[in-house]
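Undergrad: Next come the chains, spelled out residue by residue.
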Amino acid sequence: MKRIAVFIPLAIFAGFAVALWLGLSNDPTHIPSVLIDKPMPPFELAPVVPGQRGLSHADLKGRVSLVNVFGSWCGVCTEEHPTLMKLAANRTIAIYGIDWKDTPADGAKWLAEHGDPYIRVGNDETGRTALDLGVTGAPETFVVDRNGKVRYKQIGAITDTVWHDTLAPLVAKLEAER
Amino acid sequence: MIAEVGRFALILAFMISVSQAILPLIGAYRNDRRLMSFADAAAQAQFFFVAVAFACLVYCFVTSDYSVEVVAANSNARMPLLYRVTGTWGNHEGSMLLWSFILALFGATIGTFGKAIPNRLRARVLSVQGIIGLGFLAFILFTSNPFARLFPAPIEGNGLNPLLEDPGLAFHPPFLYLGYVGFSTAFSFAAAALIEGGAGAAWARYARPWILAAWILLTVGICGGSIWAYYELGWGGWWGWDPVENASLMPWLLGTALLHCALVVERRQAFIRWTLLLGVMTFTMSLVGTFVVRSGVLSSVHAFALDPARGVFILGLIVVATGGSLALYAIRSSKLPIGEPFGLVSRETSLLLNNVLIVSAMATVFVGTFYPLFIDLIGRDKISVGPPFYALTFVPIAIPILVVMVVGPFLKWRQDRLASALRETRPALIAAVLTAVAILALSLGTQIPAALGLGLAAWIAVGSLQILFRRIRLGRVAFSESVRLAFALPRSTYGVVAAHLGIGLLVAGITGSVFWKEELVLAMKPGQVTQFAGYKIEMLKAEVGQTDDYEFQRGFFSAAMGEDRSPILLIPELRFYPGRQSETTEASIRSGPIANLYMNMGEQNGETWPVHLFYHPLVVWIWIGAFFMALGGALSWSNGRLRSLARAPASAKIAAAE
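These protein sequence lines are chains A and B, in that order. Residues in the first sequence are numbered from 1 upward in steps of one, following our numbering. Residues in the second sequence are numbered from 1 upward in steps of one, following our numbering.
Don't take each hint at face value.
Stated by the list, open to error - For each label pair, taking beta carbons as the anchor points, the in silico distance ranges come out as: (1) 75/A <-> 593/B: 37 to 43 Å; (2) 545/B <-> 161/A: 36 to 42 Å; (3) 556/B <-> 22/A: 42 to 48 Å; (4) 22/A <-> 427/B: 49 to 55 Å; (5) 552/B <-> 58/A: 45 to 51 Å; (6) 530/B <-> 75/A: 28 to 34 Å; (7) 387/B <-> 128/A: 24 to 30 Å.
Unchecked claim - The calculated DSS-like cross-link candidates involving lysine-lysine, where the alpha carbons are at most 30 Å apart (straight line), are: (8) 173/A <-> 109/A; (9) 38/A <-> 101/A; (10) 173/A <-> 61/A; (11) 525/B <-> 101/A; (12) 101/A <-> 86/A; (13) 109/A <-> 525/B.
Calculated directly from the structure, the hints in this document are not laboratory data. Remember, predicted model here, so these are calculated numbers, not experimental data. C-beta atoms are modelled at their ideal positions from N, C-alpha and C, and glycine is treated no differently.
When you get a sec, could you build the whole thing from the sequences and use the hints?
TA: Here it is in structure tokens:
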């Protein structure tokens, strides 16, 4: 018994080391979305820019689209914005926006300043819709197929690299689906 | 050119560490004097070359040599000289070089000032230091080269993360590392004892000064980090249970336990195995701390280099160092002596209890720190563990430690009666009860937690002073005789008194700042007056402007307590660093022994500025308490060092007799 006891510290340490090793291969930014392959939960959002239309889940059916969650307070969104503007200018894909935890006035000012790549923008000042969507931070972008189902969630900014390597092939695949 | 010199010096240091790791070990095994004495020279040479490399990197930072990648990424010629120097370790590569520099420094001090340590033990200790140095120098050379060149060199450097651009940063990480890395000596002494297959009173006497030095420096480092967080992060907190803070607390707790049980080894030759195990574990926690910060396994505000490849390397180092010495422990521990028996009520028992409780407290911090990782591995949600967890786990274990630590020093070695120790602590008990009752009476019974907390603080503070009073026989002999005794007492006794008293002050500070804190958020414009925590606070004016480094918005406020007292001026500031596109808040703090008034200001919103006010009673005593602990350690260290030198001839005789 005593001979085994002296190995206890070593055994405990070995277990801990294995856990740390597994932890290393665990990507801290990988947060799975519960919505993948499920329809967008229903929502009706008021417009950000006065006079324009807001955004509803029903708008997302019919074509493959991106739903981009942003906010005028979010620094990374400003960095991401030129990529979205380019995609919109080239009519590459339909982009919808959800202005998250932001007043409509600030959101409208931000869009006026940086440009508006979105077909429609809804205001989610209370964050209620974002909660249903399982948003963990801004910017975050959902890829929605033509049946209105969420197929992918991009956490963090869409850079040119992210678009070319990850999103563009996926969108092409979804557009080929019948 | 200078960068290449630095890299070359690092390669030389690496090669020296290889021979330092191997040759003295062979020398100690074959009892070859020449090979053993090589250890001292190697440790000194390794220190020299790592110091050259470190100086070269500092030079690159000071001269803003943007052709060196880390300089371009982390520094800027517009920064003041102090921050160009401290910027050297404000990044991953530089901080790892500082780590190795301090490791080599400790090795060199053993090689230079540790001549009293028997040759064989010293050779083995330095060999283990060499193995650790080898690992970290390889880590730097192969994964984190600080001297990598950038071509073409950019015209403008990126600048330092402005959060780190603060005098606190100049001193906090070096002290933290001095402590962290200093515990490598605990590890090396423990591993050397396991290789040797023996340890006793002499071993404890040789190891203790180095462990104590590391503990003092870590205490200063943690305290400095806490002060830095308090005034720089802008939320008025002094401890956040952040993974990286925990990573420094865990080795500190184990180091504290280690110091106490090394005392038992020295006096009674008991707890030897446990002490060696603690020595290994303490430094393992330092390594784990480094791993946490460097690997990104746990995300945290401190983790400024997220790179899994580096994480794998450090994990490999931990596995080799800790796994290796625990395996050695498993093989060798049966050969170690058991020690002398002791009674249920004795100094030994109280120190054993101290150790069990401190290690349990460390375990709760450990679980809290790594729980998110384990949950993640099982595949559940990402979670983080916050202060409520520690309030429920750490605090209930800390309280018995605080109760027992007052009684322990009055117990005799081997066997004592509890009643006689309790009689000595009676003044402490009276002080505790009076304090608690006074607070309950003044608050009409509403402040129960604060009354208990300050009662506990009084128990510890008076109980600690009682150690001194008993030793000088205060009140039992003539006062002049007590004064004479006070001068004759060894410094280590004052060390114990100061360190324990420091804990009492710390408890008082924590209690006041947790239970009596006040907070107010409001929008103010110049001319506006508000009442807060007994102060009349008026916004005088606001200023907007810029310096070379940043743009600022600055508010001027007067705070007056009562009509007849002259008001004090508070000037909180919001800074924007264009180079980094980031903001910092510079809180304005009025510090005092009774309470701190703490003020923050946000960005202008129309006519008004958002203002955040905090009132933190007794908070300064947290850091004064930590200072007393470090002071106690220093007193004890100066005493212990002299004693071990004085006994050097005797131990040389023992070594000769072997």
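Undergrad: It remains to establish, for every hint, whether it holds in the given structure.
TA: Taking the hints in turn, this is what the structure says about them:
no., hint, verdict
1, 75/A <-> 593/B: 37 to 43 Å, "holds, 41 Å"
2, 545/B <-> 161/A: 36 to 42 Å, "holds, 40 Å"
3, 556/B <-> 22/A: 42 to 48 Å, "violated, 54 Å"
4, 22/A <-> 427/B: 49 to 55 Å, "holds, 54 Å"
5, 552/B <-> 58/A: 45 to 51 Å, "holds, 49 Å"
6, 530/B <-> 75/A: 28 to 34 Å, "holds, 32 Å"
7, 387/B <-> 128/A: 24 to 30 Å, "holds, 28 Å"
8, 173/A <-> 109/A, "violated, 36 Å"
9, 38/A <-> 101/A, "holds, 24 Å"
10, 173/A <-> 61/A, "holds, 17 Å"
11, 525/B <-> 101/A, "holds, 26 Å"
12, 101/A <-> 86/A, "holds, 25 Å"
13, 109/A <-> 525/B, "holds, 25 Å"
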